Amino acid sequence: MFMKRIIYLALFSAPLLFCFQSSGQSTDVLLRIDNIQGESLKAGHANEIDVFSYSNGISSCNQVSSGSTKTSTCKAIASELNFMISLDKSNVQLKNAITSGKIIPSADVTFITSGATPFVYYRIHLENINIVSVQESGSSERPIVSVSLAFSRIAWQYTMQDPNTVGPGEVSKGGWDFVGAKAFNYY
514 MFMKRIIYLA LFSAPLLFCF QSSGQSTDVL LRIDNIQGES LKAGHANEID VFSYSNGISS
574 CNQVSSGSTK TSTCKAIASE LNFMISLDKS NVQLKNAITS GKIIPSADVT FITSGATPFV
634 YYRIHLENIN IVSVQESGSS ERPIVSVSLA FSRIAWQYTM QDPNTVGPGE VSKGGWDFVG
694 AKAFNYY
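Letter 96 of the sequence shown, counting from 1, is numbered 609 in our numbering, and no numbers are missing.
Just so you know, these hints were derived from the structure itself, not from any lab.
Treat the hints with caution; some may be incorrect.
As the list claims (entries may be wrong) - Taking lysine to any residue pairs in the SDA-like style, the calculated list, with each CA pair at most 25 Å apart, reads: (1) K695 <-> Q670; (2) K588 <-> A696; (3) K555 <-> A591; (4) K588 <-> L600; (5) K608 <-> E552; (6) K695 <-> I571; (7) K608 <-> N575; (8) K608 <-> R666; (9) K602 <-> R655; (10) K695 <-> N569; (11) K686 <-> P631; (12) K695 <-> A591; (13) K615 <-> K686; (14) K588 <-> V692; (15) K555 <-> K588; (16) K602 <-> R636; (17) K615 <-> A591; (18) K615 <-> D690; (19) K608 <-> Q670; (20) K695 <-> N575; (21) K615 <-> N575; (22) K686 <-> S568; (23) K602 <-> D563; (24) K615 <-> E654; (25) K608 <-> E649; (26) K608 <-> N569; (27) K686 <-> V647.
Quick caveat, the model's predicted, so the values are computed rather than measured.
My request is simple: use the sequences and hints to build the entire structure.
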């Protein structure tokens, strides 16, 4: 199970790292988890957790349809939100939370463009979080920590970059409550 999770994270995290680096504009990704502090020094995000990469997805069962009518009922299923972070002071706090079975009320992931006019272009908000896994790996370099979070509600907000002002533009948002099987509006 452990090796499967590490392989899964490596396969899905590597393309994200490439995308962040090859887009011509770097991105700062920060994770704020209630009552768990990291070591970020980023203005406005002090003591949050610096994220190297992440992966997450939502799936549903394959539905057979007849015209415009669905013939089966399927529920959306969220995969765990997986993060790769550097070993920092959050590591012990995350392990304490997982061993105590503590449910974390909320967490936020913030994606910030760099450059002359940085702005927050993507946000993810989670609620009712269970820390599923905290795994360390490393060599002579600073160790890396893989963190997996399960949650009952998630919301997203994406802000397009305005090509004229190079600042924030059009916003799209949404969210889902997986327990209530209904829309979740946070943003």
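Evaluation of the provided hints:
1. K695 <-> Q670: holds (17 Å)
2. K588 <-> A696: holds (12 Å)
3. K555 <-> A591: violated (30 Å)
4. K588 <-> L600: Distance of about 36 Å is beyond 25 Å: violated.
5. K608 <-> E552: holds (16 Å)
6. K695 <-> I571: Holds - the C-alpha atoms of I571 and K695 are around 14 Å apart, at most 25 Å.
7. K608 <-> N575: At roughly 37 Å apart (the allowed maximum being 25 Å), N575 and K608 break the hint.
8. K608 <-> R666: With a Cα-Cα distance of about 22 Å, the restraint between K608 and R666 holds, given a limit of 25 Å.
9. K602 <-> R655: holds (13 Å)
10. K695 <-> N569: Holds, at roughly 19 Å.
11. K686 <-> P631: holds (20 Å)
12. K695 <-> A591: Distance ~13 Å between K695 and A591 Cα, so the pair holds.
13. K615 <-> K686: Judged against 25 Å, a Cα distance of about 29 Å means the pair is violated.
14. K588 <-> V692: With Cα atoms ~10 Å apart, K588 and V692 stay inside 25 Å; holds.
15. K555 <-> K588: Given that 25 Å is the threshold and the Cα spacing comes to 38 Å, the pair is violated.
16. K602 <-> R636: holds (23 Å)
17. K615 <-> A591: holds (20 Å)
18. K615 <-> D690: Roughly 20 Å separates the two Cα atoms, so the pair holds.
19. K608 <-> Q670: violated (29 Å)
20. K695 <-> N575: With Cα atoms ~19 Å apart, K695 and N575 stay inside 25 Å; holds.
21. K615 <-> N575: violated (34 Å)
22. K686 <-> S568: holds (19 Å)
23. K602 <-> D563: Measuring from Cα to Cα gives roughly 11 Å; hence the hint holds.
24. K615 <-> E654: violated (31 Å)
25. K608 <-> E649: holds (11 Å)
26. K608 <-> N569: Distance ~21 Å between K608 and N569 Cα, so the pair holds.
27. K686 <-> V647: Roughly 29 Å between the alpha carbons, so the hint for K686 and V647 is violated.
When the structure is compared with the earlier hints, violations turn up for hints 3, 4, 7, 13, 15, 19, 21, 24 and 27 and for no others.
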